[in-house]
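All chains should be modelled from the sequences, with the hints used to inform the complete structure.
One line per chain: the protein sequences are A and B, in this order.
Sequential numbering from 1 applies to the first sequence in my numbering.
Sequential numbering from 1 applies to the second sequence in my numbering.
One or more of the hints may lead you astray.
A pair counts as met if it fits within one copy or between any two copies, since identical chains are not told apart.
Claimed, not checked - Below 20 Å or equal to it, Euclidean Cα-Cα: the simulated SDA-like pairs (lysine to any residue) are:
#: 1; residue 1: Lys276; residue 2: Glu22
#: 2; residue 1: Lys300; residue 2: Gln317
#: 3; residue 1: Lys277; residue 2: Asn26
#: 4; residue 1: Lys14; residue 2: Gln244
#: 5; residue 1: Lys277; residue 2: Leu29
#: 6; residue 1: Lys14; residue 2: Val275
#: 7; residue 1: Lys239; residue 2: Glu589
#: 8; residue 1: Lys276; residue 2: Ile17
#: 9; residue 1: Lys277; residue 2: Gly19
#: 10; residue 1: Lys574; residue 2: Asn307
#: 11; residue 1: Lys277; residue 2: Glu28
These aren't lab readings, by the way, just hints derived from the structure by calculation.
From a predicted model like this one, the values you see are computed outputs, not experimental measurements.
2 protein chains.
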Amino acid sequence: MPVIGQSHRRIESKGKITGQAEYVMNMELPGMLHIKVLRSTVPHGRIKSIDTSAAEQIPGVIKVVTGADLQNMDIHMHYGPAFRDQPVLAFDKVCYIGDPVAAVIAETAAIAADAVNYINADYEELEPVFDVLEAAKEGAPIVHEVIRPAGSFADLKNLLPKEGSNVCLHYKLRHGDLEKGFAEADHIFEDTFRTPAAVHLPMEQHVAVAQLDSNGRMNIWTANQSPSFIRSEVAYVLKKPESQIRVRVPYLGGGFGTKLYVKIEALVAVLALIVKKPVKLALAMEEVFITLTKHATVFKMRTGVTNDGRIVARDCQVYWDTGAYADIGPRITQKSGFTAAGPYDIPNVSIDSYCVYTNNVPAGAFRGFGVPQLVWAYESQMDIIAAKMGWDPLDFRRKQVLTEGKIHATGQKMTSVGLDQIIEELDRSIEWTAFYKEKQAGAIHRSGSKIRAKGTAIGLKAVLTPSISGSIVNLFADGSASVFCSTVDMGQGSDTMMGQIAAEVLGLPLEKVTVVHPDTDVTPYDTITAASRSTFYMGNAILKAAEDIRDQIFAHVSGKYDVSAELLSLADEKVHVAGRPELAMTLKEAIKDIFHMPAGCIIGKYVFESHYQSPDPETGQSEDVAIFWFPGGTAVEIEVDTETGKIDILHMVSAGDVGKAINPFQVHQQLYGAAVMQIGQALFEECRYDYGQMINANMADYKVPTFKDLPGKSETIIVEVPHPEGPFGAKGVGETASFGVQPAIANALYQATGARVNSMPLTPEKVLRAIREVQQQRTSELQQQI
Amino acid sequence: MPVIGQSHRRIESKGKITGQAEYVMNMELPGMLHIKVLRSTVPHGRIKSIDTSAAEQIPGVIKVVTGADLQNMDIHMHYGPAFRDQPVLAFDKVCYIGDPVAAVIAETAAIAADAVNYINADYEELEPVFDVLEAAKEGAPIVHEVIRPAGSFADLKNLLPKEGSNVCLHYKLRHGDLEKGFAEADHIFEDTFRTPAAVHLPMEQHVAVAQLDSNGRMNIWTANQSPSFIRSEVAYVLKKPESQIRVRVPYLGGGFGTKLYVKIEALVAVLALIVKKPVKLALAMEEVFITLTKHATVFKMRTGVTNDGRIVARDCQVYWDTGAYADIGPRITQKSGFTAAGPYDIPNVSIDSYCVYTNNVPAGAFRGFGVPQLVWAYESQMDIIAAKMGWDPLDFRRKQVLTEGKIHATGQKMTSVGLDQIIEELDRSIEWTAFYKEKQAGAIHRSGSKIRAKGTAIGLKAVLTPSISGSIVNLFADGSASVFCSTVDMGQGSDTMMGQIAAEVLGLPLEKVTVVHPDTDVTPYDTITAASRSTFYMGNAILKAAEDIRDQIFAHVSGKYDVSAELLSLADEKVHVAGRPELAMTLKEAIKDIFHMPAGCIIGKYVFESHYQSPDPETGQSEDVAIFWFPGGTAVEIEVDTETGKIDILHMVSAGDVGKAINPFQVHQQLYGAAVMQIGQALFEECRYDYGQMINANMADYKVPTFKDLPGKSETIIVEVPHPEGPFGAKGVGETASFGVQPAIANALYQATGARVNSMPLTPEKVLRAIREVQQQRTSELQQQI
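Structure follows, in structure tokens:
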């Protein structure tokens with residue numbers, strides 16, 4: 001294939017390198033006003049009064065808007081992808097420290113930022129709840145008295161609790177007979193693993209511009225991963241038809257999940273409606289911290305194994321702290337929840353996954369969509385069990401790993417899951433078997449206070465299913481083409497990859513294909529740019545739209561030459577007839593032939609949707625819960641300083657089964673990027689709270705990986721088990737390398753020191769404490785032996 | 001039909017009334033530079049030198065570019081829709097006073113306008129030619145030594161002359177046996193009619209912005225009627241694939257033909273490429289005059305009639321002064337040329353239509369595309385003949401008017417031409433028959449020096465054929481929709497009308513349909529917005545794209561309920577099942593049912609092209625030369641002041657057969673607007689030249705109709721003879737009322753005074769002179785009788 005499988009340079013690289021690529025942050029419109037948001041200073045309370053009079057006196061302030069003002073408008077007050085629980089501006093209750101309660105609209109951003117300090121908001125404080133387990137208990141303070149599921153959440157209505165609980169979704173999976181399984185087990189292991197909240201921190205903050213145009217249509221330019229959703233949700237808020245809302249997304253400076261669904265778009269749209277001028281809201285980086293986080297989790301896991309190394313039962317209790325608003329938390333609770341037992345063939349599984357409101361910052365999608373939190377737990381326990389039982393942990397995995405045709409805990413038969421190949425790649429690349437044999441023989445790789453050791457982990461994620469991607473491809477008269485798709489190029493290189501798919505089908509060089517950026521007026525519906533779904537879903541839509549064009553050309557040419565369309569092919573910008581090279585004509589000639597003039601265009605279109613069998617609400621069982629699954633694994637060699645507790649990563653291997661790498665260089669970049677992002681999660685990133693106030697909500701106090709945190713050596717390995725329905729066999733890759741980093745490091749720490757830390761991140765303090773506990777334990781064991 | 005045939009208010013009216021509608025003139029881009037063009041001061045010459053050094057010294061001037069600079073670039077130097085004869089900037093010859101020879105790029109428009117005065121251009125003057133008949137002669141100075149037909153003009157290659165002639169196209173039509181026809185005639189009439197050049201003068205000047213984007217793509221925003229053509233022609237000039245050129249057109253402040261094809265777009269694109277910054281060129285109104293004109297014509301017509309009132313032979317010699325560059329003149333020469341014998345069933349016809357280069361301002365399309373010049377001649381001669389023969393001129397027309405099934409001079413059998421109905425509507429509305437009877441009885445309606453009288457005229461035009469219109473319609477999940485079309489809303493209300501067609505098919509109110517403005521990245525190919533073609537061509541594309549959506553919905557619903565799709569219909573935003581009202585579901589429900597969630601979209605698309613039989617190059621005969629024909633007619637009552645020669649229009653009736661009025665109010669507006677525009681052409685508009693210099697090229701000296709020139713009473717009459725292939729039966733209307741105004745006024749002048757002026761416009765001076773000649777003639781006849 002001349003285009004697919006080639007590491008084409010990104011089509012936008014020049015624009016980005018030269019600083020000319022279009023971002024919403026750089027947008028200016030004539031007469032544009034600027035917004036600053038006032039945020040709640042209490043974690044839970046009722047708004048008593050908001051005095052805006054002083055702020056409104058400040059020169060350059062156009063208007064100060066509160067939730068009470070919005071109540072006088074004919075709009076819906078709440079939005080949200082799962083539950084419509086989040087107000088455009090709080091008007092009754094505030095639910096966390098950071099909750100938007102008023103907005104200043106001013107001539108400049110500086111005036112707005114100043115004026116917001118002159119608003120006086122007064123609250124009646126309510127008892128808050130911050131701990132996810134406490135919040136899930138009966139009698140806890142209730143964050144939301146009423147739950148309003150969004151229309152798209154109707155399929156989960158059976159999983160919604162009675163009102164008056166912070167548990168806003170309880171997902172259940174029942175596979176096999178858990179009690180019977182545990183009865184068959186020779187050993188039962190029970191552990192609890194915790195992860196903290198963390199933040200995404202794309203380089204570009206949330207930013208949006210809204211403008212009511214002359215025909216009353218609302219135009220929104222936003223740094224968002226889900227333009228189609230923004231359109232429908234803003235249409236809902238404004239009570240307008242979707243055709244009256246136009247959402248455009250240029251390049252995105254990173255997303256990682258924080259730019260999914262409505263974040264600031266409903267507010268800017270409503271404010272543009274009020275002032276009838278263009279308005280812009282760009283969050284300060286400090287506000288990004290308190291807009292959305294990764295779910296903190298508590299995962300209680302009980303696993304029964306037999307003496308011959310088989311897992312026969314696993315019981316999972318997962319608590320997701322979704323914060324003050326559900327955002328997409330309920331879907332994470334469900335869709336990542338069902339993977340909690342791991343990528344293993346376990347006959348008896350029970351999962352209870354709870355989405356729990358608290359008065360913390362809202363939590364939502366974060367690269368991996370909850371799966372890394374689960375993998376960290378189940379892959380830590382795999383090594384705990386293996387160590388206790390004296391088994392090679394990789395062999396223990398090999399014994400039950402899901403392979404082709406085996407049945408997942410959801411009831412789905414596995415197709416195209418190269419988990420076994422990933423295990424072998426990890427083993428080979430990190431030289432695990434040799435390490436483990438040496439280790440068993442008593443070798444310790446020590447250098448002063450530092451000890452080196454290795455660890456591995458694998459994970460599996462289901463792609464978002466069901467979902468929808470539409471595409472249009474237009475072939476121009478000169479044989480060049482444009483691709484319309486609502487996939488957001490947020491740095492992952494989707495424009496290039498989508499262009500490659502169209503170019504391959506049409507026999508064009510990539511340079512002749514233009515990819516139109518998301519614009520809901522023209523680019524067809526796409527669920528979201530997330531969940532490692534775009535290559536498969538949108539790739540298929542583009543593939544089939546391009547094939548629609550190809551078929552129209554073939555129909556003409558086969559008629560013209562009276563040859564079967566099966567003999568025709570597109571390559572080198574030409575239509576070829578097998579065995580008749582003299583009949584080859586350029587695409588340009590073919591189009592001229594179709595239209596009898598050098599003009600016209602050929603349009604192809606396709607709306608791709610997944611097959612899906614809605615799972616049984618009581619058992620979570622379905623034969624077809626995900627259109628594809630994608631596995632990843634990580635192997636690391638670390639060095640831990642036993643005097644400081646600091647972990648250095650010497651070597652990191654990320655392996656992922658991507659089906660088919662459309663653009664191998666980009667796939668390597670995705671694997672590497674996801675893994676590096678996880679290093680921060682594993683070693684030092686966490687949101688710290690004091691009575692609901694995030695106390696490290698800035699780039700000085702919240703640490704992200706820098707160059708010196710990178711592994712000494714990094715490897716990314718592409719495994720290709722083609723998916724029968726993937727475009728050219730491709731699956732997804734955006735999240736693949738995020739799964740195994742945390743447990744692989746934790747497992748290596750164990751191999752190095754015997755220490756286990758059951759809560760992320762593995763900070764030097766926690767590691768040192770755990771090492772000392774192990775040392776004390778060993779000392780006490782030795783003393784007892786004496 | 002709930003939407004079609006309804007006079008919906010224009011969807012853009014609010015934006016236009018409030019001054020918020022988007023026009024290129026209002027566009028600003030960060031860092032945008034401004035252009036002013038230096039123009040040739042000689043009508044014909046070779047460029048000896050252009051000294052830009054002084055201009056380049058002026059602060060704020062970024063660069064001065066000449067044709068010689070462009071020769072160093074890897075671009076094509078010439079563009080043009082018929083012949084590529086027009087240089088981006090003149091580099092060798094200049095061909096008229098006004099020919100662009102250099103461009104100043106400066107920080108502000110004022111600096112550019114100032115700096116252009118400091119450029120010193122030196123020419124070697126060549127002998128010019130200004131008169132179309134002189135220019136057509138052998139031995140005339142040659143304007144273009146070489147002719148380069150554009151690719152789309154290949155069909156006319158047989159009509160191209162040898163090089164070394166100013167006749168750049170000679171179109172021939174031969175129908176029947178002309179000699180035999182004249183031999184059968186009892187009387188032969190020979191007349192010559194002239195029309196001058198005139199200008200379009202839309203309220204908005206030519207204006208375009210070009211920006212090379214970060215990925216090297218050329219973005220052009222232009223006030224132009226032909227975005228698809230601009231894309232392909234600029235791609236040709238820049239030697240880039242079409243996918244690398246993006247052309248967007250917002251609302252247009254009028255076009256009338258002057259904004260067709262490349263005018264300033266190639267220049268702004270090349271300059272943007274040079275300076276790598278956004279550039280804007282807005283012509284001054286004075287430059288609009290010397291950018292494009294209406295073709296001046298000389299029409300020599302010889303007609304043979306029998307004593308029983310039948311025209312048996314007509315010989316037409318039409319000379320079109322296409323000025324210094326051909327623009328679309330060759331197509332006018334051909335496609336309007338073939339209508340020169342009028343809408344009559346004449347057995348023996350010969351037409352020779354000559355497109356002739358001169359050193360005047362280039363001429364191109366002007367509302368009516370040459371047909372008004374022809375109708376003015378043939379309908380004047382109809383009345384001349386009738387008067388001479390003593391026939392009622394309307395009866396004379398009735399006798400040979402083309403009706404259903406009769407054969408046009410091109411050989412095509414007429415379908416859907418309501419000419420006879422138009423004659424009756426004119427007769428009825430102006431009370432012609434009563435007037436003519438009174439007139440025959442000797443009545444003269446005199447009031448002081450003023451005489452009142454009536455006149456009529458009819459005309460027929462073929463729509464541009466072949467041509468292409470593509471459309472995409474996208475139905476959103478909430479049952480609202482968007483229509484993508486490259487038709488430019490230039491004031492004719494196309495957005496509203498196109499939206500109505502989609503709304504009708506989809507059973508939506510118009511308010512739920514958005515029309516996406518031309519953007520060549522997304523709106524499919526469309527030949528041009530001109531030629532009264534959009535309702536039929538684009539209307540059909542939209543109709544069929546919407547039906548594509550309808551069929552997808554019906555396929556689903558018929559499967560769901562196991563009912564025949566023929567029982568299904570869309571209305572009131574619902575799918576209805578005939579006889580089963582309980583099964584009706586909203587579109588929103590149907591889409592949810594298709595996608596199993598309240599999301600997704602349904603895409604419909606269609607590329608409509610006309611059937612067409614290329615005419616024989618020697619005879620112009622074809623069975624299928626136009627996909628439809630559209631007739632119009634005018635009746636007037638005028639009052640002419642015999643002391644001043646001034647004509648006032650008391651009553652004007654414009655009747656047009658539009659097939660079906662999609663939006664009757666807009667159709668009335670089109671009829672009225674075209675007729676009013678013709679009043680100027682008839683009574684006072686003309687471009688005056690002095691040795692190639694247009695001497696009235698400004699709004700002070702060039703007169704256009706004002707409110708006081710409007711008829712005392714205006715009527716517009718819609719005739720509807722549905723076209724079997726038109727969308728809902730519709731044909732076109734944009735030019736219909738332009739045909740008959742000039743001859744109807746001339747014929748009324750004759751009825752009032754017996755005077756004939758055989759050259760347009762009918763200025764008071766010319767009218768007075770003609771009246772005096774008649775009076776002198778009568779006096780001398782009376783004297784002879786005495």
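Structure-based check of each hint:
Proximity of Lys276 and Glu22 under a CA criterion of 20 Å is satisfied inter-copy only: 16 Å between copies versus 25 Å inside one chain copy. Taking the closest pair of Cα atoms, Lys300 and Gln317 come within 20 Å of each other only inside a single copy of the chain (5 Å); across copies the shortest separation is 96 Å, beyond that limit. In this assembly of identical chains, the alpha carbons of Lys277 and Asn26 lie at most 20 Å apart whether taken from the same copy (18 Å) or from different copies (16 Å). In this assembly of identical chains, Lys14 and Gln244 lie within 20 Å of each other by CA distance solely across copies; the values are 15 Å between and 35 Å within a copy.
Both within a single protomer and between protomers do Lys277 and Leu29 lie at most 20 Å apart by alpha-carbon distance, with minima of 9 Å and 18 Å respectively. Taking the shortest Cα distances, Lys14 and Val275 sit within 20 Å of each other only across copies (17 Å), while inside one copy they are farther apart (38 Å). Proximity of Lys239 to Glu589 under the C-alpha cut-off of 20 Å is restricted to the inter-copy arrangement: shortest distance 18 Å between copies versus 49 Å within a copy. In this assembly of identical chains, the alpha carbons of Lys276 and Ile17 lie at most 20 Å apart only when taken from different copies (16 Å versus 36 Å within one copy).
In this homomeric assembly, Lys277 and Gly19 come within 20 Å of each other (Cα to Cα) only across copies, at 14 Å, whereas the closest approach inside a single copy is 28 Å. With identical chains, the CA atoms of Lys574 and Asn307 are never at most 20 Å apart, being 64 Å at best within one copy and 64 Å at best between copies. With identical chains, the CA atoms of Lys277 and Glu28 are at most 20 Å apart both within one copy (12 Å) and between copies (17 Å).
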